[in-house]
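Trainee: Chains as they are written, first to last, in the working numbering: chain A, 1 to 655; chain B, 656 to 724.
Everything labelled a hint here was simulated from the structure, so no lab data went into it.
Possibly wrong hints are sitting among the right ones.
[Said to hold, decoys possible] Derived lysine to aspartate or glutamate pairs resembling EDC-like cross-links, with alpha carbons at most 20 Å apart: (1) A:Lys172 / B:Glu706; (2) A:Lys172 / B:Glu713; (3) A:Lys177 / B:Glu697; (4) B:Lys687 / A:Asp136; (5) B:Lys700 / A:Glu127; (6) B:Lys700 / A:Glu167; (7) A:Lys172 / B:Glu712; (8) B:Lys691 / A:Glu258.
Okay, here's what each chain looks like letter by letter:
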Amino acid sequence: MAEKEIKSIDPATVEMIEKAASEGVSIAFERAGKMTACPIGAEGSCCSICAMGPCRVPLPRGKEETPEEKKKRRGVCGATAETIAARNFVRKIAAGTASHGDHGREVAKVFLEVARGEAPGFEIKDEQKLLQLALDLGVNIGNRSNKEIAIDVGEILMKEFGKQEGELLMLKRAPIKRQEIWRKLGVAPRGVDREVAEAMHRTHMGCDQDYQDLLLHGARAALADGWGGSMIATELQDILFGTPSPVASQINLGVLKEDEVNIIIHGHEPYMAEMIAVVAQDPELIAYAKSKGAKGINLAGMCCTANEILMRHGVPIAGNFLQQELAIVTGAVEAMVVDVQCIMQGLVEVARCYHTKVITTDRRAKIEGATHIEFDEHKAVESAKAVIRAAIDNFPNRGDKVRIPSYKTDIIAGFSHETINYLLGGLFRASYRPLNDNIINGRIRGVAGVVGCSNARVTHDDVHVTLVKELIKNDVLVVETGCAAMACGKAGLLVPEAAAQYAGAGLASVCEAVGIPPVLHLGACIDNSRILMAATAMVKDGGLGDDLSDLPVAGAAPEWMSEKAIAIGQYFVSSGVFTVFGVTWPTTGSKAVTDYLFKDMESMYGGMWAFEPDPMKIAKLMIDHIDKKRKALGIDKARERVLYDMAMRRELESV
Amino acid sequence: MADKVEKKGNKTAEVLGATYENGKPEGEEMGKWRQKLGNREEKLKYLKTGERYWFGEEWYGSEKRKNPA
């Protein structure tokens, strides 16, 4: 595990960490310093799935394990270190897939209610995306209304969660060769929930105890996330709220305003945030805010909800995962409105030191000590207004400990795979051809997906930013989602001007010609499915092989912390993408399991995992992999172009 | 629009300057390219051409030689 000396490279974060310390407020940065991570749990060597344990089977420290020692490394039931590490790993995948799957299911539920006219305030905003899904799913379009089509689309996709047999419908979007690999290995997922439930069953005490078989199902469950729950969520959100297009905004704690009611929307599912973003512009509510002494209502996002409302409304971002407590430490936040996933329980304790109200809004995620105002999609406008009014009512309670860091950075976000296609070719010749051509001619070396969280065990934002700067310097185009994108946004990498400043000459020339940043923001962590689709378009356009595993691409989550990140990593690897994780690796307690993930998977899936905490070394691993793929494609060297004269042509024809 | 005229030997050429508008886009609707497609017919046509990787009637590229999925 990487030791950290500096807590963050972001000056706003550092300023608020110091403010928290001076005011005696406990935050994650401080707790991580005081509490060492459990070394046995960190390597996946703790089994707590039955009451005969928890059993600890750690690797011996500082020496090579003898065969006799290895034999003794077993739990009370006899489970080996391999079984224990694999079970823990598969359970992380199951939790991640369940989280994205439940997100997708909730979106599908709201989507169907909107289609049936049962959720006033929401509407179908993107007819084209609806038609896209209808074509995908074989839904009759004809002269039917959008609502009629949407009901069919929603009902078909809702069934994907509970489906027991067959294959997930979205798998057909993948390259043909990739589909064949999944079928051959028996990992094509049947239904989203089915694979999660089976993963939990297989990892129950005394069930699947063959680590290779466990990991095979881990791949199946993860694919049910990337090509299932996550993809369904992204597609339906696009139909309801609009497919993202590039939008200018700003990021960091400096987006908070001293003289306005500051409301931070934090979490993952976007419908409540969408409605708050709309309702916050209501003149009646703005007048109400003024009646309490504020000049207006200022919305800002946090974590992945931030990405959702940034891409579709340009709402600025206050910060990424590790900045959630620090936003409250500014003393200027009237309400921290949260729904699901990545909400630190520590928020409530921090809020007690200031005036901030932590408002939970989802029936599945309540926090002791927080105010609960449940969001009801049937009364969306009223629910959003209730939340905003609660924030406004809290404005007069603001204390004298207000200090908003001055740091904020310009960003451009919202590059869906459809928008990249459009930007590269225009409305009448939209195409991934220019990207493929520039990869083939070497101006662009390859493409890297850098995603994931931020983690208090490493210097905040540093691993992301150092890695991405090194990649673009070496002409690797970077696509990002989640808190990774926010880290690079704060560092000024999400604007077109960054190409001239940080990118290699080849990548910079392409970015300048198209007018795009060298680091493209593709959305929230649920939107990693957009990266799968962009990569699939690259394959299908031709010239870069037949499969995702042929592409000169690589992935990384260098500051990961959540189980969702493991599910995401596993579905990328199982889709053929080399993927590097930083911070720590959860199977090092078993060499066999780690070798399977880091080596054997490549021969099965064409993709594999790697672990490396050092960002420069991560960059080297990724670039080496990209170069390996370029060589395999025969595009590693500039080829001499020969102009054939008539004699040479005749010679060719005579062969 | 031509920014200036350059002379090289006997020939003159108009040098084009920036063709973009100055400043930043404003308002929520700016930059939303999908709104350029007006009706359902245009949207479906775009899907078959622009998104031809999945919806094109005739296929080309890396998977042309393969059997349909």
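Trainee: Each hint should be assessed against the structure and marked as holding or not.
Mentor: Now the hints, each set against the structure:
1. A:Lys172 / B:Glu706: Distance of about 15 Å is within 20 Å: holds.
2. A:Lys172 / B:Glu713: Roughly 17 Å between the alpha carbons, so the hint for Lys172 of chain A and Glu713 of chain B holds.
3. A:Lys177 / B:Glu697: Judged against 20 Å, a Cα distance of about 32 Å means the pair is violated.
4. B:Lys687 / A:Asp136: Violated, at about 23 Å.
5. B:Lys700 / A:Glu127: The hint holds at about 13 Å.
6. B:Lys700 / A:Glu167: 29 Å, violated
7. A:Lys172 / B:Glu712: 16 Å, holds
8. B:Lys691 / A:Glu258: 39 Å, violated
Hint compliance for this structure: hints 3, 4, 6, 8 are broken, all remaining hints hold.
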